[in-house]
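With the hints as extra help, turn the sequences into a complete structure.
Number of protein chains: 2
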Amino acid sequence: MDNNKIKQHISRQFNEEMEDIRNKVLAMGGLVEQQVDLATKAFMGYDMEGAETVVKQDQLVNELEKDIDHECTEIMARRQPAAFDLRMLIATIKIITDLERIGDEAARIARMTMRLEGSDYYQDKYYEIEHLLELVKDMLNGALDAYARTDVEEVIEITAQDTKVDREYTSITRQLITQMMENPRNITRALDMLWTARALERIGDHACNVCEHVIYMVKGKDVRHVSREELEKTVKTAR
Amino acid sequence: MDNNKIKQHISRQFNEEMEDIRNKVLAMGGLVEQQVDLATKAFMGYDMEGAETVVKQDQLVNELEKDIDHECTEIMARRQPAAFDLRMLIATIKIITDLERIGDEAARIARMTMRLEGSDYYQDKYYEIEHLLELVKDMLNGALDAYARTDVEEVIEITAQDTKVDREYTSITRQLITQMMENPRNITRALDMLWTARALERIGDHACNVCEHVIYMVKGKDVRHVSREELEKTVKTAR
Numbered sequence: 001m002d003n004n005k006i007k008q009h010i011s012r013q014f015n016e017e018m019e020d021i022r023n024k025v026l027a028m029g030g031l032v033e034q035q036v037d038l039a040t041k042a043f044m045g046y047d048m049e050g051a052e053t054v055v056k057q058d059q060l061v062n063e064l065e066k067d068i069d070h071e072c073t074e075i076m077a078r079r080q081p082a083a084f085d086l087r088m089l090i091a092t093i094k095i096i097t098d099l100e101r102i103g104d105e106a107a108r109i110a111r112m113t114m115r116l117e118g119s120d121y122y123q124d125k126y127y128e129i130e131h132l133l134e135l136v137k138d139m140l141n142g143a144l145d146a147y148a149r150t151d152v153e154e155v156i157e158i159t160a161q162d163t164k165v166d167r168e169y170t171s172i173t174r175q176l177i178t179q180m181m182e183n184p185r186n187i188t189r190a191l192d193m194l195w196t197a198r199a200l201e202r203i204g205d206h207a208c209n210v211c212e213h214v215i216y217m218v219k220g221k222d223v224r225h226v227s228r229e230e231l232e233k234t235v236k237t238a239r
Numbered sequence: 001m002d003n004n005k006i007k008q009h010i011s012r013q014f015n016e017e018m019e020d021i022r023n024k025v026l027a028m029g030g031l032v033e034q035q036v037d038l039a040t041k042a043f044m045g046y047d048m049e050g051a052e053t054v055v056k057q058d059q060l061v062n063e064l065e066k067d068i069d070h071e072c073t074e075i076m077a078r079r080q081p082a083a084f085d086l087r088m089l090i091a092t093i094k095i096i097t098d099l100e101r102i103g104d105e106a107a108r109i110a111r112m113t114m115r116l117e118g119s120d121y122y123q124d125k126y127y128e129i130e131h132l133l134e135l136v137k138d139m140l141n142g143a144l145d146a147y148a149r150t151d152v153e154e155v156i157e158i159t160a161q162d163t164k165v166d167r168e169y170t171s172i173t174r175q176l177i178t179q180m181m182e183n184p185r186n187i188t189r190a191l192d193m194l195w196t197a198r199a200l201e202r203i204g205d206h207a208c209n210v211c212e213h214v215i216y217m218v219k220g221k222d223v224r225h226v227s228r229e230e231l232e233k234t235v236k237t238a239r
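Chains as they are written, first to last, in the UniProt record's numbering: chain A, 1 to 239; chain B, 1 to 239.
No lab work stands behind these hints: they were computed from the structure. For glycine and all other residues, C-beta sits at the position ideal for the given N, C-alpha and C. Hints are supplied without guarantee of correctness; some may be wrong.
[To be verified] Ranges between beta-carbon positions, derived for each pair:
| hint | chain 1 | residue 1 | chain 2 | residue 2 | range |
| --- | --- | --- | --- | --- | --- |
| 1 | B | 220 | A | 20 | 39 to 49 Å |
| 2 | A | 225 | B | 148 | 19 to 29 Å |
| 3 | A | 20 | B | 227 | 44 to 54 Å |
| 4 | A | 60 | B | 2 | 48 to 58 Å |
| 5 | B | 114 | A | 227 | 20 to 30 Å |
| 6 | A | 122 | B | 150 | 30 to 40 Å |
The following block contains the structure:
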């Protein structure tokens with residue numbers, strides 16, 4: 001092969017490796033989304049089988065994290081990437097940390113659910129928890145989509161949704177405390193609901209983190225802990 | 001300058017840069033330790049001033065994270081380090097994420113404390129919370145020490161301490177639920193204590209994460225989610 005062909009070959013191989021990482025991150029993200037959904041629904045419906053599946057699958061999430069992490073580090077050592085490629089690898093390493101933590105929160109909900117086995121089925125409407133679940137699933141989905149398309153246009157909306165999540169979470173907390181005070185027999189179940197709501201609120205935070213990492217990847221700017229205005233400005237500025 | 005001198009010069013500069021990062025991580029770690037201590041004590045003692053300091057200083061923790069993160073990425077792009085140096089940079093990026101999250105937990109405790117202003121001083125013995133605080137401070141301190149000395153010998157003990165933390169946390173939870181059931185007027189305060197205990201338990205988890213990153217840095221092995229035996233084997237094996 002002449003020099004040019006070798007270069008082309010290396011560059012094609014490199015692209016394939018990067019594509020492989022991207023696909024794995026999206027697979028991990030899809031799995032984590034499913035875990036959050038399954039865990040929360042298992043909690044609401046006393047579905048022990050569902051909860052068990054979540055706990056089992058958490059191992060898979062962990063393995064994916066280690067696997068992707070290893071691949072990113074390998075490429076860094078071997079290819080010494082620069083500019084966008086380096087940023088993508090660093091952003092990916094951080095994104096999978098957040099995805100793994102989301103998986104942890106789902107597993108936490110699931111393990112709590114499994115402790116309910118044999119206890120009285122608690123009739124509750126769960127409107128609020130369900131709504132919270134929809135909100136954070138939406139955020140997570142949007143964040144992964146932004147990563148897949150390396151496009152940050154929708155990111156502002158996603159992070160704005162986090163304000164809604166926080167508001168919803170505060171309102172749920174208040175209601176649950178009232179329930180506990182009215183009837184101490186509600187305490188254990190109300191606490192379980194409180195932990196679940198808290199886990200979902202945290203998942204929303206992690207989805208926001210993913211968005212920030214995607215902005216870093218695409219725009220080359222670290223927007224963690226900046227004001228809303230600065231975030232919007234960064235997203236709208238062409239790189 | 002002849003070639004050799006240039007090389008020496010570059011290598012000295014590189015060493016200085018790495019040393020600078022290490023020092024900043026240790027400074028960040030020291031600050032975060034202090035934040036955890038101050039926040040928890042402010043909560044126990046209704047110390048509004050202390051709580052306010054923690055909330056203010058959280059900004060500093062965040063800035064240190066961004067600063068160190070930026071420096072690590074810069075060095076990666078400019079120097080294309082390999083082997084131990086690359087591992088140290090990657091481990092550092094992860095360690096400061098955990099340190100920042102510990103800072104967040106401290107800030108959470110502090111913000112909750114500030115909402116107590118004007119409420120009745122709640123007389124409690126707080127033995128358990130204080131004990132939990134000592135345990136996790138010890139863990140964090142040990143983890144930072146391992147990083148400073150790039151020595152993983154003590155790491156097994158630190159991660160073993162996490163089992164104690166979890167046990168303590170479970171026992172606190174149980175006691176608090178009993179308190180709530182006995183007297184619904186205790187509910188709000190008991191919940192605050194529950195959140196504080198939970199935050200401390202999470203801080204212990206983050207300290208364990210830091211230990212795992214140090215093991216990766218020193219031994220080149222990813223020990224997340226492995227069994228206790230495998231962790232010990234890795235630590236004891238010479239690289």
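Hints violated by the structure (listed by number, smallest first) = 1, 3 and 6
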